[in-house]
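The lines below spell out each chain.
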Amino acid sequence: MTFNNLLSRSIALIIGAGFFIVPTVYSKKYDGVTVNILTMEAPQIKGPMVKRAPDFKKLTGANINVIGVPFSDIYPKMESDFATGTNSVDAAVFAPQWMVDFIEPGYFEDLTPRVKKDSALEWDDVGLFFRSFSSTYAGKIYTIPLDGDFHMVYYRSDLLAAAGISPPKTWEEYIYVASRFHGQDMNGDGTPDYGSCISKKRNAQAYWMILSIVGSQIQTKGTGEGIFFDPKTMKPLVNNAAYSRAFDIYKETTKYAPPNEINLDVGDTRGLWTSGRCALTMDWGDIGTLAIEKGSKVNNKTGASILPGSRLVLDRNSGELVACTKARCPYAVNGINHAPFAAFGGWSGAVNISADSKVKDAAYDFFSYMAQPNQSNKDVTVGITGMNPYRISQFENINNWTSAGFSKAAAENYLGAIKSSLDSPNMILDLRIPKNQRYQQVVLDTEVHRFVSGEITKEEAMQRIHDGWEEITEEMGRDTQLKAYRSTLGY
Amino acid sequence: MTIKTTFEERLDKQAPLVFILPSVLIILFFSIFPLIVSLFIALSRLRFVRGGVELKYIGFLNFKKLIFGSQQYHLLGKFDQLTPIGYIIISLFALIVFIWFIHYFKSHKTSIPGSIGRVVVSVGMFFILLLMLINLTTPKGLPGTLVVTLVYVFIGVLVQFSIGLGLALLCVKKIRGRSFFRTVFFIPMMITPVGIAYVFRMLTDMTKGPFAPIITWFGLEESSWEVIPWGARTAVMIGDAWQWIPFMFIVLIAGLESLPTEQKEAALMDGAGGWQIFRDITWPTLLPVSVTIILIRLIEAFKIIDLPNVMTNGGPGIATESLSLHSYFNWRTMDLSGSAAVGYLLLIVAVFICVSFVNLLKNKIELAHR
Amino acid sequence: MKIWNYLNKKRNIDDISFLESIPLYTILCIWAFICLFPIYWVFITSFKEAYVVNQGPFYIPFIDFQPSLHAWEFVFLQESLNTLKPFFNTVFIAFISATFSLFIGSMAGYALVRIHYRPKIASIICFILLLIIGVFFVAKYGQNWKIVLVSGISIFILFLLTLSRRFSASLKNDDIGFWMISQRILPPVVVVIPIYIFFQKLGMLDTYSAIIITYVAINIPIVVWLMRDFFFSIPIDLEENAALDGASRYRIFTTIVLPLAKPGLSATFMLVLILCWNEYLLNLFLSMTDTQTLPLMIASMNTTRGPQWWYMSVIIITMIVPVIVMALFLYRFIIRGILVGAVKG
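Chains as they are written, first to last, in numbering that gives the first Met the number 0: chain X, 0 to 490; chain R, 0 to 369; chain W, 0 to 344.
Excised from the complex, chain X in its bound form (with noise of 0.2 angstroms):
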């Protein structure tokens, strides 16, 4: 054999065997693996996952398929999915509050085995409540967080400045403030503004907005005491003064706010506020984010503060209000319950228990990988994301803030309202029992719809969810909804 033969074959060989070598060394994990991800149809939640999809697909070799229906689609598209055997849905991101109908005819993996091997995700970092509470059942891991979501206040913080006022601490301070806006000109044009703009309208979001005024009357002792069923019999805890006193409220807000109130999503609620004709709100964090976009009117004139809270909260033996005392209210602060409400919880991250088991580590790694600290904090600084924060690591860096267009001063009222609420350990978990739908949407939103509507009267719509609740408890049978209560609880 010449030299030159020698060459050709030993390059030929080296080629050859290359071919095989640099796929084994470069071939990643999950090559080939297309994992479905359902999730909503919109830029949030969805627009980040498709973003942070080719660089995990580097990372990983892992296809990343977002699949968006409309929101109110999510649920009745999961259940049919997965209760028909079609699996075609390998993972999906929605709310935990509708966890527990999934979880019970077993069609999502136990997550915690994995969790629990998993540094990289730092899950010790992401806050008591989304990790202890938000997503788990009967003390497994079922979902991974994205997202943190719980209802702020948020005030004009300039008019309130010059006015000298403290942002709200009670629902009658924020009544109080609301009417001392209302009808004044906050943004400029010359046309009168409104004191409050709260989300009212039927089937949206509305029926949270009465559980966060409610919510601080009923929850003292911490999150395992929840707000919406006695937790030794099922019975609604609705037929009494602290709901009285809540519908008194919420209609008062109206008195203070658009006239079309009672039929704005949180869309248009939204809107108000950044062409800044609102003195108040009550909303989920994306008020903050918002608030600095381009063409914002009340960029660095929005102050967040934690839910207001209540100085009388419910004796649930007798149905009556009673003052707040140290062993009665262990929480408080200056005599006033808070008790922020986690509303919808968060979008997270589940596992179809029926995927492919190579789908299911890939759909797991691109949900650790979503909510690792290097892409969520960064995530959460940007409006468009949907995602607000819920990892302690996101307070404490405000350089991500400021560098996304916060003000110092913003970025730290903001920040200091999250957190405050947050590590309040009396923070309301949102309904999480079977048909939970059924409760909250169709009896509660109704009837609370019908009552500021003027349809019914206050003792009538809490009668009517009082019996719409009940019926649909024995409907499903009582042992089994108390002991799916429990489980969420804790207990």
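It should be emphasised that the hints constitute simulated quantities derived from the structure, not laboratory data.
Take the hints with a grain of salt, since some may be wrong.
[To be verified] Stretch-level coverage of chain X by chain W, calculated; a stretch enters the list once three of its residues show a Cβ under 8 angstroms from a Cβ in chain W:
no.: 1; region: 36-45
no.: 2; region: 57-70
no.: 3; region: 265-277
Glycine included, every Cβ here is placed at the ideal spot set by N, Cα and C.
Assemble chains R and W onto chain X, guided by the hints.
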């Protein structure tokens, strides 16, 4: 004469079946079969369990809940005592029915199906009228989804037909730009209902919509159409009318154009006035067409769902919720059996009204004109 | 006076006098404005930025507000995968469904006019009873649906061949026609879940075939209804002559009847096309990723953040423009078609 092979002959003999069988089969599978399955679902409680669905037979409990039980306010609305006017109207109606029956029995053309049919129609109409009176004319009565749907159907179709007819009568004359106007009037029909719902929501917004300055100018900005039940319903009906008046318009114009002008000119020469011409020549010719399109609109109107869903989500309270929307809301919270039950009630009511309409009006008119 | 008379003289019954023309044109223009204004509003909203929409109504681009292409960019460039596929799906599904339903429906419509059917009431009742029993067995006792189907069909055929001779009461063409048309009364909400389960058992969810078949099924009643009237107006002598010459029914149908019914066919095609183009509820249930259509996208723009009016407007305009173009093109046929059919009632 060509001689056909036996195969061709056989094929030709089977032609009747071949022509109609595909349609029949498809309709059987996709309409009758799901109907029956839906009936089962409506008569049971559906639960999702691992591996499929569990159907527990509970009889008419779902329907009982809707008509008598906890959902009664949702379907049938709130009841109250009839006012004197209500009593008068009901009595008038009973009188008319009575006269109608006497007329029928005197005509010597009675038959068992005919009598049963008439009894069913009268009883059904009576209850519907009673329900509407109770819900709408009494001081404390409130309509449920059933009456709201009927309001949408009756008032909607009436308004759409009248305006469509008026426009058609105007457009049939020789005006310049006729084609332009006709094309423009045709456009609203072609937009998807979901799209129209969102467009009208945009338009009726009090702060961001184009009419906001007008509203402010009138000083009405402190109130809102969305908060008043009838305001909300009117908004929904306006959206519906906007979409469907073109349909009435197009067909009526076509009908009007087929009228030979000589008849009208002869009548004019005989000294007939415009109104008389309309009453005696135009209207009778339009009658078959009108009845057909009214029937088409009736059938479609019962299914209205997109407009109330998007504009008001069924609110305020339940003031704009139609039966279809009621069923959809139930489905959304996975109460599939409740959803099927409401759907069935909608089907029964719609079939009742449409069949009554066909038998009472359409057939008579068609017979008179063929 | 003479000039006044001259201006007001009518040459024809349908002419309008000058006096009449003023209110007439006014009303027509008002109504044209009513028809076009919402579309105009949607059109300019698609060019508005988010904060412009929120701050109140702005009417004229460049004067009132600065138009921006951000919404169009987002929908067509950033989200292009998400938009072009539904657009293609909408076009594809609508055309194919309209074609199929036109074809199958016209055959049925023609048959109802020319052929006299006499299905026996007894057979129909038997069929429905068997169907109910079959569904009952599958639902309650979980029997394998294939076995139930086969046994049901065999029992039915047995019945047809033997017992049905004894019953002679039968339905007529008009009844069949009425039955088909009455399917239209069915609210889609009632039938969606069974259809969903049906396709799921066949593993056909999220496929074009499933959606097309369903759309065809929903629209056959309308096709039958409209085409029946068109065929009725075609003189029967032509067909009789052809039959005498030895043409089979199929040939008569395809070579004589269909060409004569062209206006009716175009009108019906256009109507069914629009109905399929705009269908929302069925597509919502039966599609997942591959077969989503544009109406679904419009609804998706209504997020938890509230409706994103600007994106929605873009999609609405995208949906409207092709339909308007098609309609303008076929307009003449539509008018002639509906004219022929509707006049006959």
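Which earlier hints can't be squared with this structure?
Violated hints: none at all, because every hint is consistent with the structure.
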